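Student: Letter by letter, the chains look like this.
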Amino acid sequence: MLKSEITLYVNGEPRQVYVRHTDTLLHTLRENLGLTGAKPGCLNGDCGACTIDIDEEPIKSCLTLSVESTDKKITTVEGLQNAQIQKEFIKKFAFQCGYCTPGFIMNCNALINKYPDADDAKIKDWLESNICRCTGYAEIEEAIKAVLTKNQQGLSS
Amino acid sequence: MISYDFEYHKPTSISEATHLYQSLQSQGKKPMYYCGGTEILTLGRVNRIVTGAIIDIKGILDCNVLKLEENLLIMGVANTLTKLNETNYFPLLSKTIIEIADHTARNKITLGGNICANIFYREAVLPLLLTDSQVVIASPNGVKVSFIHEVFHQTLNLNDGEFLVQVKTDNSYFKMPYVSVKRRRQWDIGYPLITVAAIKNDNEIRVAFSGLCSFPFRSQQIEQSLNNRQISRQSRIDQVINDIPAPILDDVHGSAEYRLFVLKYTLNNVLDALEGERHA
Ligand SMILES: Cc1cc2nc3c(=O)[nH]c(=O)nc-3n(C[C@H](O)[C@H](O)[C@H](O)COP(=O)(O)OP(=O)(O)OC[C@H]3O[C@@H](n4cnc5c(N)ncnc54)[C@H](O)[C@@H]3O)c2cc1C
Ligand code: FES
Ligand code: FES
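First to last, the protein sequences are chains A and B.
Read in our numbering, the first sequence has 4 at position 4, and its numbers run on one by one without any break.
Read in our numbering, the second sequence has 138 at position 138, and its numbers run on one by one without any break.
Derived by calculation from the structure, the hints in this document are not laboratory data.
Just so you know, not all the hints are guaranteed correct.
So, partial list: chain A residues that the calculated Cβ filter (under 8 Å) puts toward chain B [to be verified]:
1) 44
2) 59
3) 80
Since this is a predicted model, take the numbers as computed values, not measurements.
Where is the CB? At the ideal position from N, CA and C, for every residue including glycine.
Bound-form chain B, shown alone (with noise of 0.2 Å):
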């Protein structure tokens, strides 16, 4: 029970959106976009998040689209992880967001709202940053389409009454192997201790990580020192362990020692997946 009240709104075309948030803004109610409506709800309920108006933006054609057009999936940000999961167009994608929550809670959630959250793990962000995706941006002034790597630095940055419409990714990606491996503490479902993503692009591997720090990441440095082949691949995990960009979190889901444990055997795996144990 959310114990303030607020509007609700339903417009139908970007256009409509963005002028709706410009007009309810000028009127001080402080709106919010709205997608799944998982983390308004549990969050408004406790007041950490307080909106006078709300923006569902799950009428508007561009954001429910999900289709390949010639070599690009595009894909609108009302798509709930189910969905996505279900139609499986994007493995890598899949593997990730299926960790997400639990079932019917992904019946719910959305492609928009994880990566918009306002909690820091926003695991659909990680398969994006892989595959260098593109991000289709409202603003009252139209529509800009950007790679993410230029507007996501640790969330992603919108301005004042942008919103995320959808999302395209290079299909040459999806034949990549890969690999997606989420580490909880304890139960198989909820929030992770550390959820780290690579894919295997010619020989290089490329790899994201969220919980470790508080936000996720891709870090070109990281990367780097996990495909240095001339030293050892404790060395190479070591040197990785160096690069980390921001301290490790330490919180009730665990230390920042432990953290870091889970981690070393993790980025294990990742080279056995993608690289097979001769290399060790």
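So here's chain A without its partners, still in its complex pose (with noise of 0.2 Å):
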């Protein structure tokens, strides 16, 4: 067998699709579903723009298949719904063409999940994973650094 009918748990919800064994969960989330915000880029796992967050964990999206992914809990961009780190990037101006963004935007959602008291060094370690051609990193270090504080002192933007 070389395609399935699977299930996926994206966004909250199962969603059916039938898939290549060989297809990737970024081509999958993007043509079967129409979930366009995790990008294309590179396609080889070295510039983060399809970055989506499994399990709470960011996962590079071109580098992992479809089938493999059926008894995970799957987050894209689409399903944030105006968190509280897509506000700070718009405040602090952390995109220009904003093609890497979603990448970006779900790197550092799971780490202000999983570190509320990330450091710089915590910060560097991840940013790393993601690639932007326009803007420097110092706005989204702010973006991330704003929401860490926010948190910390029990305050919503």
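Need the complex rebuilt from these two chains, each delivered in its own frame; the hints are there to steer you.
Tutor: This is the structure in structure tokens:
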């Protein structure tokens, strides 16, 4: 068998899709489910544009098969719905063309949830997974730190 | 996007996996074991890996074990580099693997996939070579345990149909002084120019290399030279250079001359860290 009908749990909903076993999750999300937030960049694991969260951890969807993702909780940028990190990206002007932004947002979102007191070294280590061709990383770091600070102070943006 | 098709199988036991392999092989499907999949997908996309069936071993319990049992750390091959780093049972392994790829990729790359990778760096092997770790290998005839130096010669020598299930390391090594240095030509992530890992066992330094030749290695000859304290540090390092067992890599990441230059510098760092300046 080279194709299967599988159920993926995406953004809180079960979604049935018919996939080739060689289909990457990036391909299935975009082409079968219309979730175009995850972006195709290098398709080689280098750029991070395709990053989504799987079981709360950032994962490059170009390095993941759809068939190996059936028992996982998949979150794409469409599933975030006005998360604090999205608001801070806008406030801090943390993007220009925006192509890399969904990947960065998903990475930052997982970081903030996993390490509410992430230090500079942790932030740097995680951000190295994503490449932006337009802007510097300073604004992105500022956006993360703004969310971390607000969370620590118990404030919402 | 991979242009060809393959079957996907996810066995839940070792014997199911090896029998599946045999059956798929007899059907001419050239099956491959699949762990993190990062290499199979990236090389598959450019047709450098072509297979008719993959056997995903992440569903096998033995491949997911991560525990200390008496004095042995048992590491299932499906553990991701991130998980091994976060649990940090084995500090030298953590230090070496945190330099592989980038954080998000390490959420997918597995211990087994790195040890068995086609790409020649396979840096996760270095700490295992230094600590005489054991490897648990499954075949259709059952499971065997060997010391890594018996089966790892440039690559892990597996017979057709065999796969790596676990790695076991004696925890007495975890307290020894160690150093792991990854030198890149530029940036903080990605493939190394060279990686050197070393530990000090009693007074003897053990050292292993990746990115220097076209395979990762540890060499007795090199260790003898490095530990020869009858001669000056500089002579010891020169002797090590003479003992390198194969041509030094000369590629886009760096010329052989540049690698040699960086190696000498790095060996000095290793000696500084493990012997202190006074031995200089
Ligand atoms: C962005 C990026 C950066 C990278 N940077 C580095 C780096 O800095 N250093 C480095 O060393 N590597 C690097 N790599 C390569 C990466 O380490 C390898 O691709 C990775 O080790 C493969 O691990 P995996 O679990 O994804 O393996 P898979 O893709 O699942 O398998 C790799 C190979 O091993 C075989 N295999 C897997 N598991 C077993 C097993 N248990 N028994 C027998 N055979 C098995 C497979 O059949 C396949 O041939 C990088 C890769 C990417 C995508
Ligand atoms: S498209 Fe996945 S990392 Fe570049
Ligand atoms: S904003 Fe254009 S690539 Fe990042």
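Student: Run every hint past the structure and note whether it holds.
Tutor: Hints and how they fare:
1. 44: holds (5 Å)
2. 59: Cβ of residue 59 of chain A sits 6 Å from chain B, so the hint holds.
3. 80: This interface hint is violated because 17 Å lies over the 8 Å limit.
Hint violations for this structure: number 3 only, all remaining hints satisfied.
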